[in-house]
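Novice: One letter stands for each residue in the lines below.
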Amino acid sequence: MLHTLKEPTREVVTPAFKEQYIKAFNWMILARTVEEKLANLWRAGKVAGGVYTGKGQEAVSVAIGMALKPGDLFGPAIRDQAGRLAFGEPLLDAVRTYLGSRLGPMRGRDGNVHRGRLREGTFAMISHLGSLVSVVAGALLARRMRGEQNVVGATSLGDGATSTGAFHEGLNLAAVEKLPLVVVVTNNQYAYSTPNGRQFACHDLVDRAIGYGVEGYAMDGTDVKECLEMVHHAVGRAREGNGPQLIVANCLRLSGHAEHDDASYVDPHLFASPLGRDCIDVARDYLLEQGWADAETVRQWREHAKAQVEEVALKAQRESGPDPADEDWCAYATRGFARLEASVS
Amino acid sequence: MSVTYLEAIREAQAAALRNDPRVYIYGQDIGHHGGAFKATKDLARLFPGRVLDSPISEDAMVGSAVGAAIEGMRPVIEMQFADFSSVGFNQIVNQAATLYWRTGVPCPITIRLPSGGNPGSGPFHSQTLEAIYSHFPGLVVMTPATVEDAYSMLLEAIRLDDPVIYCEHKFLYNRLKADSLPEDSLPTGQARIARSGRDVTVVAYSAMVHEALAAANKLVQENIEAEVIDLRAVKPLDADTVLASLATTGRLLCVAEAWPWGGVNAEVIARVVAEGFEFLDAPPMRINSLDTPVPYNPKLWAAHKPSAELIAQKIRELLAW
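Top to bottom, those sequences are chains A and B.
Mapping the first sequence onto my numbering, position 12 (from 1) lands on 12, and the numbers just tick up by one.
Mapping the second sequence onto my numbering, position 240 (from 1) lands on 1240, and the numbers just tick up by one.
What the hints contain is simulated information worked out from the structure, not anything from laboratory work.
Treat the numbers as computed from the prediction; the structure is a model and nothing was measured.
Careful, some of the hints might be misleading.
[As the list claims (entries may be wrong)] Which chain A residues face chain B? A few, computed with CB under 8 Å, are given here:
id, residue
1, D110
2, S131
3, A137
4, A139
5, L141
6, L173
7, W301
8, E327
9, A331
[Unchecked claim] Which stretches of chain A does chain B cover? Using the computed rule of at least three CB atoms under 8 Å from a CB of chain B, they are:
id, stretch
10, 113-124
11, 142-149
12, 156-169
[Stated by the list, open to error] Here are the in silico distance ranges between beta carbons for each label pair:
id, chain 1, residue 1, chain 2, residue 2, range
13, B, L1310, A, G147, 15 to 21 Å
14, B, E1225, A, S320, 56 to 62 Å
15, A, G49, B, H1135, 20 to 26 Å
16, B, A1302, A, G49, 40 to 46 Å
17, B, A1302, A, D261, 53 to 59 Å
18, B, A1244, A, R335, 19 to 25 Å
19, B, A1270, A, K306, 53 to 59 Å
Note that beta-carbon positions come from the ideal geometry of N, C-alpha and C, so glycine has one too.
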């Protein structure tokens, strides 16, 4: 059964929704601000590796984080800074992980977007796209076996990840088990430099929902109002026992794949199309239009975001990285195995 | 009463399911069908909801096990054949193996690989893949050679907080029998002297232990006493037991059914040469399967893998050196 909602369903805007919208907007600008800071730190040579931003995808991402409840599970992808924040990841985690701080959740052992707080329900992605779908599904299977009700797992992917076997196997498994899994595919038109036309041949990725036997929705990823409503709806459907939900959000990646990439390969027409709208600008205009905020309020929110980011950036930059001499070079939880394998070196 | 290697694997899973509510088994055709080899016979009926048929999706089988392990479960994944685990390779080596080191959250999953050749099994139902999994930090790789170890090591695999690749040998399934299941066992990381001898040390694991023992028994009439070491697990590797044996024998032959390049034999020999060079009276030797895919024709298959005859011949060469 395929559901595609192209139009926002909520005609009457409730005060509760207004509050949600303002919250979402603030997470979005905080995510954008911290990623701009990280990009600056990278340009200054202070970040090893790359910086991967979610510019243009904050609306989709924040909607996932806000639709989930404490106790739910989230498997974020590369461009999910906004969703991570909304789901409860401290702002400091991003900066610490990019800087390789010993005090970050990955302790300098893994970096940038490869971070999580597993005990709090945020999984730490590996680089192999699509591979978190089955991991989140398995976690939901475990919850079900333990008799836990009322839990939802969401995971985020890009258009490129839908071409992997892991995506197919994971979504099919979740569908067979009818797990409360919400898979959000943000189709930002390019997987690194590869456009949709070289990535898949179906008319619309949401059509795949039929093939998997799951409920599917397409949404405008540049409109946070639609994103909030749609993801909230899908998470609710999953929570009520209707099985996996596939959401495809359409938008444009407004950055390169990473900061080193000038994205000169992107078709310039896309920037002028509705897909190329900046979701933060769209949200700001809507706030002003509704009279929920004036320009001065928005400016103050931005200043507040900036202050928070500067504070954590300063703190994380003062922290030392791990000391190789003190590092516990043992990959095993079974401590006795360290001695046996250490003899190799 | 007697129990086979295969029954020991089934009994270990039954015991784990009985004693630990966190344990469940997931794999292809393992539910009411009881598995392609019947290693889960009746378990779905005895433990409803905990022995589940999976789709033919090795990647997702392992990925889901990692997710369940994060949530505190102790999944056992049955690969129908070791060969098919290559489809789940990414989840095994990148998701499961790295989880503890990256995040501090343990990944207690057991992946059972029905391994090794049988006549007529051909290139894709015969592989022995312990070397490739041993290459990755974070994985424990078990290779039980006896009914007792098949039982106790599987229980230990499920108990351990690390991901375990449990390589069970299909050739041994119904050919090995023991009188009863063991009460206790050596810990993983400790090899076993399967046969004592003064003249040469033969290091083997899994089904090759039995080929090595057959060779050793045959050589008694030539007044050659071979010591046979069963590694039991190839990672962690018990080099100490091998070195202690070499201190007496001075001669080393390593035998494995896997392919030669970068394998367990190579690792054992590298460690012996680096750490026990002074013990060696002859260059270490090794026997592996030939460096081709595993052949289908039973005659070709028998010639492709190490045999008791070949092991005996190599031991004579070692002693003549």
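Novice: Of the numbered hints stated earlier in the document, which are not met by this structure?
Specialist: 7, 8, 13, 16
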